[in-house]
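S.K.: For the protein sequence lines, the chains are Y and S, in the order given.
Quick note on numbering: my numbering labels position 161 of the first sequence as 238, and the sequence is numbered without any gaps.
Quick note on numbering: my numbering labels position 232 of the second sequence as 243, and the sequence is numbered without any gaps.
Everything labelled a hint here was simulated from the structure, so no lab data went into it.
Even glycine gets a Cβ: it sits at the ideal position worked out from N, Cα and C.
Some hints here could point you the wrong way.
Distance condition first, Cα-Cα at most 30 Å in a straight line; then the derived DSBU-like pairs of lysine-lysine [claimed, not checked]:
no., chain 1, residue 1, chain 2, residue 2
1, S, LYS67, Y, LYS279
2, Y, LYS80, S, LYS25
3, Y, LYS108, Y, LYS219
FRET-style restraints, in silico, Cβ to Cβ [to be verified]:
no., chain 1, residue 1, chain 2, residue 2, range
4, S, GLN14, Y, GLY309, 15 to 25 Å
5, S, THR13, Y, GLY122, 46 to 56 Å
6, Y, ALA104, S, ILE210, 51 to 61 Å
7, Y, LYS276, S, THR223, 45 to 55 Å
8, Y, GLY122, S, ARG39, 45 to 55 Å
9, Y, GLY122, S, ALA220, 20 to 30 Å
10, Y, GLY122, S, ILE210, 19 to 29 Å
11, Y, ASN275, S, ILE234, 25 to 35 Å
Derived list of chain S stretches under chain Y, where covered just means 3 residues or more per stretch with a C-beta under 8 Å from a C-beta of chain Y [to be verified]:
no., stretch
12, 47 to 55
13, 69 to 76
14, 264 to 273
15, 280 to 292
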Amino acid sequence: MKKRVEMMVKSVEEIALDTFEMTLENAFIAKAAVPGQFLHLLVDGHTLRRPISIANIDSNRGTVTILFKWIGDGTKRLASCQAGMNVSAIGPAGNGFIYDASMNTVLLVGGGIGIPPLYYLGKELRQYGVQVKSFLGFQTDKHIFYEEKFREIGKTYIVTDDGSYGFRGFATDVLDNIGDFDHYFSCGPIPMLQSVTNKLGKYSGSISLEERLGCGVGACLACVIPAGSEGGYRKICSDGPVFAADEVML
Amino acid sequence: MTQLAVDLPGLNLKNPVMPASGCFGFGREYREFYDLNQLGAVVMKAATGKVRYGNKTPRVAETPSGMLNAIGLQNPGVEEIIAHEVPFLAEHDMPIIANVAGSTVEEYMTVASTFNNVEPVKALELNISCPNVKEGGIQFGTDPHMAADVTERVKAVSHLPVYVKLSPNVADIVGMAKAVEEAGADGLSMINTITGMQINLSSRRPLLANKTGGMSGGAIKPIAIRMIYEVKQHVSIPIIGMGGISTAEDVLEFLLAGASVVAVGTANFQNPYACPEIIEDLPDVLQQYGLDSVTGAVGKGHV
């Protein structure tokens, strides 16, 4: 059950080019949230809240970590928050990744600011003894974040659009000879997700989507995506943001 | 004791605050946050004759002190709404207003008459002002003859009071209001969104897939107040006021301009508790400004 809560900013840090890591304290969210869910954050002076994926949770400290990219005035304001300030959040919002501990090996395929929710997921899966292989794509070497954290939970392949670090290309370009796995989880820009679902079409997979949200709770029908076989639309904010790979038409 | 109750054609409201059509779905999402019995009434998402899937995305864009939307009347169709959404809302102690949309006069008439004898639905809001569909919608809301015609024909087939939702995208709002009043409207609902556009600098294309969208939120409040104020001087039917309301003070401003009750739209997105919080604050705000009832404030801003 999601609620509107006040979360206290513990820290804000620019961890890569235009990419910020913010840690927020709230015991309810830290307890209730699962990987793949997001916070719908109120930013001073803005009509619409900003949906930001949860990148990590420290349940002992009651803290939630989010990563976001400085794109416009809203994220700029969010990045300028100081420790000790309160931020209004609706959360935990949306449905998280579905996984089970009986999986032997999973792939995480992420692009850019779609990568953060995969970290929280991978960390949880690793705790259940699931083997995690990560394929992460960034724009340039300056945009790379969480490389070490991903390496701690499993084999990690980094690619960049311009080849300034690792393989040059997209995360999907290195998805050959991946060996056996039970399921893939992917989050990133739509073209990347299209490429991932095409390339891994015969495997079972889950994808997490981004869109401009209105209400963020499923009422306004702003963030819809065409459903696969049965027609109509799915709501990204409340039916998703995580969907089975064949449930929606990218 | 401050009196919040208001009686309007077909509607006995315990307080003057209802969520606006399209900003509240059919209430299910907001029941997660609070008890819907607190609401004065509820206006359902627009109903059309058959299922409509709406526009392509992006469907929303933020603007200074507001937003643009172009949802495109996505809804499951009137039969489905009556079968699955009305029963849910009817579990609550509040009148239901059905928002009726269409592409043709015949579709408006079909949808309106389908709500006849659906007991929990106490009134219709005739949506002749949706700016986001290619056919119908706003074209009925910008021509006084077409607006009067659709009002008259819907009145002829409906057993329910009809509140006509006016578009602000007209030069003469008073002319529109008078035309639908003469055609038999029981009330007015105003204002719908104002057509706008935002262009993405990187793609050099309109941000919304529909190119244009309806603007709402705090930025349009002064336009709503002005239009309600002008219309109030020329019609005698009650007005449901809307356009950028987010606080109890805003509600009072709409009452003073001439609205009898109000609807809250965009504010629900920023604050899912907007409606109950406004209702809770309203008695104190009325008291603060020397008023002891909602009805006593209506039209008191006129000089």
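S.K.: Where does the structure disagree with the numbered hints, that is, which hint numbers, in rising order?
M.R.: 3, 4, 5, 6, 7, 8, 11, 12 and 14
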